[in-house]
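Here are the chains, one letter per residue:
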Amino acid sequence: MKPILSVQNASFHYGGNEVVQDVTFDVQLGDYIALVGHNGSGKSTLLKLLLNLLTPSSGKITLWGTPINIFSDWKRIGYLPQNVQLFNPLFPATVREVVALGLLSQKQFPKRLTNVDREIVDNALKQMHIMSLADRLVGELSGGQMQRTLLARAIVNTPELLFLDEPVSAIDTETRNDFFTYTAKLNKEKKTTIILVTHDIEHSGGYANKMLYLDKKILFYGNFGQLCASPHMKQHLGEEIQHIMCHQHS
Amino acid sequence: MDIIAILHYGFIQRAFITGIFVALLCSTLGLFLILRRLSLIGDGLSHVSFGAIAIGLFFGIYPLFVAIPLVILASIAILQLTERAKVYGDAAIGILSSVALAIGVILASTSHGFTVDLFSYLFGNILAISTFEMIISIILSVVVLLVLYLFYYDLVSLSFNEQLAQVSGVSAKKINMLLVVLTAITVVLSVRVVGIMLISSLLILPAVTALQVARSFKNALILSASSAVLALLIGIVISFTINIPTGATIVLVNFFFFLFALIRNTLRPLIRK
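Sequences listed follow chains F and G, in order.
198 is the number that the working numbering gives to position 198 of the first sequence; each next residue is one higher, with no gaps.
206 is the number that the working numbering gives to position 206 of the second sequence; each next residue is one higher, with no gaps.
Some hints here could point you the wrong way.
As the list claims (entries may be wrong) - In silico BS3-like links for lysine-lysine, alpha-carbon gap of 25 Å or less:
1. G/Lys86 to F/Lys107
2. F/Lys60 to G/Lys173
3. F/Lys75 to G/Lys174
4. G/Lys173 to F/Lys107
5. F/Lys75 to G/Lys173
6. F/Lys126 to G/Lys218
7. F/Lys190 to F/Lys126
To be verified - Residues from chain G that keep clear of chain F, each with C-beta distances beyond 12 Å, as calculated:
8. Ala5
9. Tyr152
10. Ile242
11. Leu252
Keep in mind that the hints were calculated from the coordinates and are not lab data.
We put the CB at the ideal spot given by N, CA and C, even for glycine.
Could you build the full structure based on these sequences and the hints that come with them?
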């Protein structure tokens, strides 16, 4: 089967510092990939390369066979960025208006929203259980509410490939569990391919069918069981950490 | 003086019509500039327009015809300096505005003939707008407002978050370019209304007033536009009635609107308690 996302020998450096080194991997339709690694391992940078927000210093990235630098079919993509708290709290948009922006990728010039779009937006709000917040300003939301709003924005265009960057880093346990349950459901029922950047190996291991462990270069790419059984990863993580991580999960 | 009687004067009619268009333009564009943290570009480009108008007057060319292309070029140069030469945005604005000011001052010092004209552009005079200037202002305002309408969702998306917008297929480079070019045109059109010194206030004050009270993005746009138009009408009437400078009066009325919104916002939680 042809991969929907293919990364071949991609590298990226800021100045002289190589942040992503010679990364090669494929993503198949229906995959749920947890992109894990410690802080500064290049996870978020790699994600930005996959979204054409950064240009690789070398190597090739294709989405559905199209080189990323000329890819234009953005309606197939959903994206939840990192650090939702960093959004401008004075931005005068309601939750409904922000979620509606996720439909722009489907629109041709001049972009306009229709009544049908409004219904689609309301459905996304219901799915995220934030219908009651629809007319609230985004600047008045808590971290968890903002997270749900941005996830609703990311899924409103029913993307085939969903990129999630550290989505559970600043939210409470309950919201985190809801989040993982929802994304797993999306992956299983709608066959949405998911790439999740996280430092939470234990938790994501329960949902992802593949783990990609990055430390500038790929140290491991396989399923969670293989990660736990990998002598190479035992050496990298330390036997004790690997045992705790894998034991908790089993 | 009777307000209806004021409206019979041709120069007042021209002032109202031109002012309303310019106020609508500044207030809607200003909202995007503030949310994109680009509000200082209006200030910088107004200084550039000083240099451009001085060049026009020096060579005996109608100043707006020189100012529009030169200020557009300067706005593109600011963007290019920021993106390609890795100069910080505010520093790029500082470079262009100071160079343009220097050119304006030198030209003004070498020819005393047009210094008086140049000063009229510095402080503006909406009551002296000619029919020709009014027509140019209306045409360009309609064009800019139409472009804003056509790219409305792209602008909102980019103002909310650049990365999210890009992943929705919005080209940040193109929209940023569009925004600064529209700002350049708006700044030049505003010169006659409030003058070079006060242009940035027309871009900033109605938008920040709206941000104090708005309950949605569309609401913010409507509030920004309506407060700008209202401030302009009140400003013209007050200035004409008590014979004080019109541009400065419009700016002060805008400021009082902002102050009112700020106090309302501050007191509201206390009243609710």
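To see whether the hints hold, each was checked on the structure:
1. A hinted pair counts as satisfied when its Cα atoms are at most 25 Å apart, and G/Lys86 with F/Lys107 does not qualify at roughly 33 Å.
2. With a C-alpha separation of about 23 Å, the suggested pair F/Lys60 and G/Lys173 falls inside the 25 Å cut-off, and the hint holds.
3. Distance hint between F/Lys75 and G/Lys174 is fulfilled; the C-alpha atoms sit about 19 Å from each other, no more than 25 Å.
4. For the proposed pair G/Lys173 and F/Lys107, the alpha carbon gap of about 19 Å is at most 25 Å, so the pair holds.
5. Only pairs whose Cα atoms come within 25 Å are accepted, and F/Lys75 paired with G/Lys173 is accepted, the gap being roughly 20 Å.
6. Only pairs whose Cα atoms come within 25 Å are accepted, and F/Lys126 paired with G/Lys218 is accepted, the gap being roughly 23 Å.
7. Proposed proximity of F/Lys190 and F/Lys126 is supported: the alpha carbons are some 17 Å apart, at most 25 Å.
8. Non-interface status of G/Ala5 relative to chain F is upheld: no Cβ of that chain comes within 12 Å, the nearest being about 40 Å off.
9. Non-interface status of G/Tyr152 relative to chain F is broken: a Cβ of that chain comes within 12 Å, the nearest being about 8 Å off.
10. Even its closest Cβ contact with chain F, about 35 Å, leaves G/Ile242 beyond 12 Å, as expected for a residue assigned away from the interface.
11. The claim that G/Leu252 is not at the interface with chain F holds, since no C-beta of that chain comes within 12 Å of its own (minimum 24 Å).
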